[in-house]
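First residue of the sequence shown: 1, per UniProt numbering; consecutive thereafter.
A few of these clues could be false.
[Unchecked claim] In the DSS-like style, the derived pairs of lysine-lysine whose C-alpha atoms are separated by at most 30 Å in a straight line are:
1. Lys195 x Lys172
2. Lys147 x Lys482
3. Lys456 x Lys443
4. Lys121 x Lys103
[To be verified] Derived DEER-like restraints, expressed as beta-carbon distance ranges:
5. His843 x Val606: 45 to 55 Å
6. Thr271 x Ala76: 27 to 37 Å
7. Thr842 x Ala595: 53 to 63 Å
8. Gln311 x Gly491: 45 to 55 Å
9. Ala76 x Tyr98: 34 to 44 Å
10. Ser758 x Ala903: 13 to 23 Å
11. Arg942 x Ser883: 52 to 62 Å
12. Gln311 x Gln210: 19 to 29 Å
13. Thr842 x Ala605: 47 to 57 Å
14. Gln372 x Asp609: 58 to 68 Å
15. Glu444 x Ala595: 26 to 36 Å
Calculated directly from the structure, the hints in this document are not laboratory data.
Where is the CB? At the ideal position from N, CA and C, for every residue including glycine.
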Amino acid sequence: MNVAGQGRSVPSVPSSAINTNTRHASIAALPSRRGGRGGRGSVRRATSVANAPRTQFLSEFRAHEEDMAARVIQRASRGFLGRRFVASLLTQLYEKQYDPVAKVYYYVNTQTNESSWEKPKALQLFMAADKDVRARQITLTPHEAAKRIQRLVRRHQALRAIKAMVRENYMKLFDERTRSFYYLNTRTGAVSEHKPVFLRADDEDLEIEQFHFRKAVCKISTSSNLYGSGVVGTFCGTLCVLTDGKTLPDQDTARAAHVVCNYAAGRIPFTVLLAPERFYVGLYVHEKAQGAGTTAKKYFDFVLCAVNEEQFTMVAGDNVVPLKLEMNDRKMGCATEGFRVGDYIELVGFPHGKMQVVHERRLTRLVPSSIQPARLEFSAPMESGASGSAIFTRGGMLLGALQYAPLKSPPSDCWYIKTILDAATELVTPAQPFLLAATISSKEVQVYWQMVRWYKPLERMDVVFEVEIARHDGRDEIHHEKFKAVYRGQGRTCHVGDLESDTMYSVRCRSANDMQHSAWSVPLRFATQPTPSMAWRLKQCKSMTESITRIRDNPHDSSVHFRAVQWIFAQVEQATSASRLERYEEELYGCQGLALLFETMSRFAVFHDNLLLSVRLLGRLARMKTLTQRYLTNLSRMHSICRLMEHHLPPPLNRVHAEAPSEEAETSTDGKAADQPTDALGDSATAFSKSTPDLQVAIASIALLSFVVDTNDSAKQLLVVGEAIPLVLMILKTFLDGETLLVAECSYLLGVFSHQNSPGCWEIVQAGGLEIMNNVLDSYMEQTKIQYWILVTIGNIAYTCDTPEQQDFLECESHRLLLIDMICRCRIQFLVRQNELELDLTHERQRLEHLQATHIGEEMRNELDACEMTVLAIEAVLAEVGSHNVAETADYALRYLMTPEQARVQAASKRLMKKVLLRKLAMAHQKWVEVTIFERHCSIFRKFLRAVHDRQLIAAFRRWEAVVCEMRKHKTWSQAIGSGLAIDLNKKKRERYRMLVLQK
1 MNVAGQGRSV PSVPSSAINT NTRHASIAAL PSRRGGRGGR GSVRRATSVA NAPRTQFLSE
61 FRAHEEDMAA RVIQRASRGF LGRRFVASLL TQLYEKQYDP VAKVYYYVNT QTNESSWEKP
121 KALQLFMAAD KDVRARQITL TPHEAAKRIQ RLVRRHQALR AIKAMVRENY MKLFDERTRS
181 FYYLNTRTGA VSEHKPVFLR ADDEDLEIEQ FHFRKAVCKI STSSNLYGSG VVGTFCGTLC
241 VLTDGKTLPD QDTARAAHVV CNYAAGRIPF TVLLAPERFY VGLYVHEKAQ GAGTTAKKYF
301 DFVLCAVNEE QFTMVAGDNV VPLKLEMNDR KMGCATEGFR VGDYIELVGF PHGKMQVVHE
361 RRLTRLVPSS IQPARLEFSA PMESGASGSA IFTRGGMLLG ALQYAPLKSP PSDCWYIKTI
421 LDAATELVTP AQPFLLAATI SSKEVQVYWQ MVRWYKPLER MDVVFEVEIA RHDGRDEIHH
481 EKFKAVYRGQ GRTCHVGDLE SDTMYSVRCR SANDMQHSAW SVPLRFATQP TPSMAWRLKQ
541 CKSMTESITR IRDNPHDSSV HFRAVQWIFA QVEQATSASR LERYEEELYG CQGLALLFET
601 MSRFAVFHDN LLLSVRLLGR LARMKTLTQR YLTNLSRMHS ICRLMEHHLP PPLNRVHAEA
661 PSEEAETSTD GKAADQPTDA LGDSATAFSK STPDLQVAIA SIALLSFVVD TNDSAKQLLV
721 VGEAIPLVLM ILKTFLDGET LLVAECSYLL GVFSHQNSPG CWEIVQAGGL EIMNNVLDSY
781 MEQTKIQYWI LVTIGNIAYT CDTPEQQDFL ECESHRLLLI DMICRCRIQF LVRQNELELD
841 LTHERQRLEH LQATHIGEEM RNELDACEMT VLAIEAVLAE VGSHNVAETA DYALRYLMTP
901 EQARVQAASK RLMKKVLLRK LAMAHQKWVE VTIFERHCSI FRKFLRAVHD RQLIAAFRRW
961 EAVVCEMRKH KTWSQAIGSG LAIDLNKKKR ERYRMLVLQK
């Protein structure tokens, strides 16, 4: 099998041999241990092991690696074709039929007529498994979908790159003998009548090769060299001619030079004018290749001279296409790595002034090495008198140029084009400037730069300087925003203004001319000085009017604004009476403080502390439902508050951020994009933590809207116009399992918005609010405040549905969502929790009374304090639960949500339950009476038995005591011996033993 891009067949090699060779190669690559451990030698050897060997850059090893890669691809393709062939044979051998009785498929062998319910092993191995079509319709997360799209984009770009490589390696030529077109592989010389593989699937085709690269070689005749050649090409955007230094030794010779293009058989030659006053540079490549300094010579090695572009374009037209003198490895460009030793090359020139001559040679050697070649040697020398001739690959890429040889023998080598272009680029590129900066004030900076002393610009190529500046988000942030141009000119200093105070910036500079620019200097970071603030004067502030005046006098000072708003907020919070609070509000309204506070919210939007404090202050004043509430009841102000809330939400909820993708997202669609898609809705909600200032601002904005809308019908209508209700419902849906405080504020806003607002309630229903609120009730079963306001909203919606269409729709939705069951569940959960809290409170109070009665020691005192704190905490929770009575709101919602039939069923259920409870209570009372009488009789009988038992025991104890006393009386020795209480020692031992036995 032939590999695409090569015209020879590579034989297959057994895998065992490949593994063995690879293993031996890896063993041979290990370094030998010399000397002891440690030292610089071990580090050097470890570095050589970690890095790739240098020999892999040689052409022989590179060819071997390509051959091995080709073999791997060939084996994989042969295996694929073999499996496909076996699969086609199996499809002819087996048939899949359907049994209508058993309703299953079975397999029949057409050769043996054998059938099987199970899939044959051969089919399982060589054919794809049976898959359901619906299995392909999978649901992907946004992250997975973005990854798949990026992989498709990279695949498309890879195919485009492969097609571009194929186009560079193939030519479409016309055969005069057969009168047909054919395709030539410029790398291997293989000829084919069919298009290359990667171009067959599409309708694309190669253009007919006109050998434009040969037409770019021109003939040059000067007073110093009558028989010269050159190459017309574009270098750094300037149309130039590249030739040897002997042909164009100076600018005067270039002005008088006779340049002829298209000087070949069958073509019409024309003369080209040179423009050395536009650009002329002489190159010393010999000293650069050897690493030596520039020496004085009679002439340069090579010369780049500008061409009169207008005259050339007018005369040449589309007949002569200039080369691109850049290392792009493309046709009509310069070759970088698309050649190796043994490739065919073409030498194009005008030896001794003849018409264009093309010689075919083979590349034999790269000097001094194949890693960084400077000169190229070929198989046979070129004709003499062809200095400046161009050397091309067979595919039309420029490889090098011939230098003038004073000897009579023709040259057999040339200079590599990369060496020539590197020398030219080094001369054309201006030096990198040194950058300095001096801060002038808090909003201005003066930037200075200078060039190195040894740099001298080329003639008629003025150097200009470009300065760019970027802002950092923080003083300690390494990453910065995109650089913006602030200056371009020939000066050595520039003034940059309109900066932010106390902010970190990065500035960079580079030099440029008409052809090339230098690299950017190292970014210089500097910080502007902080703006002198007058916030300290607010310590002596006496009134609201004075604080507002401070804000008005310092419109751009964030510190003054923060201190002033902080002082006003403290005065409002410390107000003990409603009259004093009203006086503060009237004073703010009279001095236009409310308008100024609302205006500065957009001015200091980037300062979260200022913004948050301003929103909270307006909310505290709007809670009074007087001047502030009426002032904020305006379409533009309500719209601003809604946009403020939306701006501080995550991107999926923020339409401004969602419609303006970041710069990283735009660059991620390129070919080297990272597998990092944009954040999904759930990911953004998860990453939106409580500690973020954006969340606090969003919560404060929702609370402000709630205070403005409360008992304000005009504000409710403006809220509908501002499209805030769908956004609030989307917040509830997004943060369903996240932020409790945010969900609570949204629930309160819906509750006050739906109160006596029939159009607003129907707006909630149309936005899918019933399903969202049902999910909120399910997720926040333990949050009494959230349940209270959600149930109030549901009750208001059910109360305001007057038309039959609305009632029918509400009934269908509640039946679909099982909303009544959820409300009953919340009611039961609330009552159970309230009962548990009351029981816990009773238990803790009894424990507290016990501890107070037995208070001894310091340890008992600590336990007593802990018990008191527990009692206070439970009482506070009970007070909170009592203030938001979910049971009452659930009854309110059920009263208007249930249909008449459901209400009758509920009433009948209550009556039945009441009867059941009464009957159970009567039976329980009767049982209690019976058990009480039985227990009383048992007690009397046990008391009687205890008395009888006690009397008998007392009489027995008395008798035992009398006997013991009788036995303890004094007796004679004879009685004692007779009774066995004493032994006569005068008798013998045998007699004494017999008496003891008899006594026992």
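Status of the hints after comparison with the structure:
1. Lys195 x Lys172: holds (9 Å)
2. Lys147 x Lys482: holds (26 Å)
3. Lys456 x Lys443: The given pair, whose Cα atoms are some 36 Å apart, is violated under the 30 Å limit.
4. Lys121 x Lys103: holds (22 Å)
5. His843 x Val606: 45 to 55 Å: holds (53 Å)
6. Thr271 x Ala76: 27 to 37 Å: violated (57 Å)
7. Thr842 x Ala595: 53 to 63 Å: holds (55 Å)
8. Gln311 x Gly491: 45 to 55 Å: 36 Å Cβ-Cβ, so the 45 to 55 Å window is violated.
9. Ala76 x Tyr98: 34 to 44 Å: holds (37 Å)
10. Ser758 x Ala903: 13 to 23 Å: holds (22 Å)
11. Arg942 x Ser883: 52 to 62 Å: Once the Cβ atoms are compared, 54 Å apart, the range 52 to 62 Å for Ser883 and Arg942 holds.
12. Gln311 x Gln210: 19 to 29 Å: About 23 Å separates the Cβ atoms of Gln311 and Gln210, which means 19 to 29 Å holds.
13. Thr842 x Ala605: 47 to 57 Å: holds (53 Å)
14. Gln372 x Asp609: 58 to 68 Å: holds (60 Å)
15. Glu444 x Ala595: 26 to 36 Å: holds (32 Å)
Going down the numbered hints, you'll see the structure goes against 3, 6 and 8, while the others check out.
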